[in-house]
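Next come the chains, spelled out residue by residue.
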Amino acid sequence: MLIEKSILVILLFLVSLGAAAYMTYFERKLAAWIQDRVGPDRAGPFGILQPIADGVKMFLKEDFIPAKADKWLFIIGPGIAMFTALITSAVIPWGPKLHLFGRDIVLQVADINIGILYVFGVISIGVYGIMIGGWASNNKYSLYGAIRASSQMISYELAMGVSAITIVLLSGSLSLTTIVEGQSDVWNIVYQPVAFLIFFICALAELNRAPFDLPECESELVGGYHTEYSSMKLGLYLFAEYTSMFVSSAIMAILFFGGYNFPGMSHFSGNTLAILGIAAFATKIFLFIFVIMWIRWTIPRFRFDQLMHLGWKSLLPLSLINLLVTGLVIAYKNGWF
Amino acid sequence: MSLQIISIILGSLTLASALMVVLSKHPVRSVIYLVITFFLITAMYIMMNAQFLAVVNMIVYAGAIMVLFLFVLMLLNLNKEVEPMATRGSQLAAFIAGGSLFLVLITALKDTLILGQSYRDNHSQIGLVKELGNLLFSKYIVAFELTSILFIAAMVGAILLAKRENQIIE
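Protein chains in written order, with the working numbering: chain A, 1 to 337; chain B, 1 to 170.
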């Protein structure tokens, strides 16, 4: 049992890092495609070795700590960012049960009964990496980036949480496994398109992705919170962003698009079902990543006051109304009126 | 036995980081020690099989309130040169207030169980979301609803304060 889980944890760690590495390649290729360029094509066939070259470059650069920086916090910052990006994957159910060596293997590290709250808990501490790093740099642009990041994340967490509560109301459980199993017939997106839209926008904001990438807005803040960072510390920040993109795509697929469920599931069973389920889940994650990147290269950045208006005056009331309507419908179905 | 060892380690770590909140000279470091303290308290909840309480403690205290604390401290950018020195009078007042709070806490905690004992009961269901919800919406419904009214009043008050200042400027 312990060995099984340890292997799963190590596998997840490698998959998350590998996915994050190749997402950088994919992002550059996609940007090139959208802007009618060729993109990276020097390292290996089609530039497929580009992420490895980038990684080596990151490691070999000079690691510089500014003289007036708070040294310990400056070092800890990127570590926290990476740590929080990685630990969310512990509660994600990656597929149906796999039958190997005469025993059932559950493809989830920890099936805790409050899985979705755990995800929100980790998201809410994820901002510390950026805040601590930005403050410890002792640079006004970094500080602005850090302050923007924290206010943005706190504002969008609310609407995100409220739209996730509608899903909890629908499935009657906080456990991600139960939420996925409840969608074997109809995916939640059919019942909750508004909640999905709100959740998706908020996820973009929480990820600091364009059009909400104000914490690292290069036209105003040089590099934002990571202005003073170099070498692999900068690499960790960038990597953490891609890792959390991967994980939050997985969360969106679970909450709204049925996780590892796919149409015609009842025709398969056993290991075939498990492998097809994992493949379906991976496809959904990939599509979400594609859409997030597509948005980045299409829509220009918001201004900060527009961002706050959108979060507090549009998304939050909309998500509350959506929650109220969902609650009323469920109450009506249970025969309350 | 192993539970007891873990509880002792957790307890001493919590006490140490809580002490560092007060002893640390730098306000931002104090807040970071406070965040660590909240995490250790979360770990204690998990030891007592109160997963829901643990995660809520993490989201609300470590996640939201401490981020706001850090936010304000970063905006103020406090350092040693500009830090206001407390006068003798306020030092004395702080000593008396803190001392009386300490006394109240000691008397309140005198009769409670020692933590190590409740760890042994780690199959208790009381901290899980279902039991907690049942309790909140049946036995403690009045207190629960009153608290929510209090929260709404506080929220309305905050919005009113922010609005009024804005209108004066206009």
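None of these hints come from the bench; they were simulated from the model.
Every value quoted in this text rests on a predicted model; they were computed, and no experiment measured them.
Don't take each hint at face value.
What the hints assert, rightly or not - With a cut-off of at most 30 Å between alpha-carbon atoms, the simulated BS3-like pairs for lysine-lysine come out as follows:
1) B/K163 / A/K333
2) B/K163 / A/K313
3) A/K333 / B/K130
### Query
Hints broken by the structure, by number, lowest first?
Hint 1 contradicted; others consistent.
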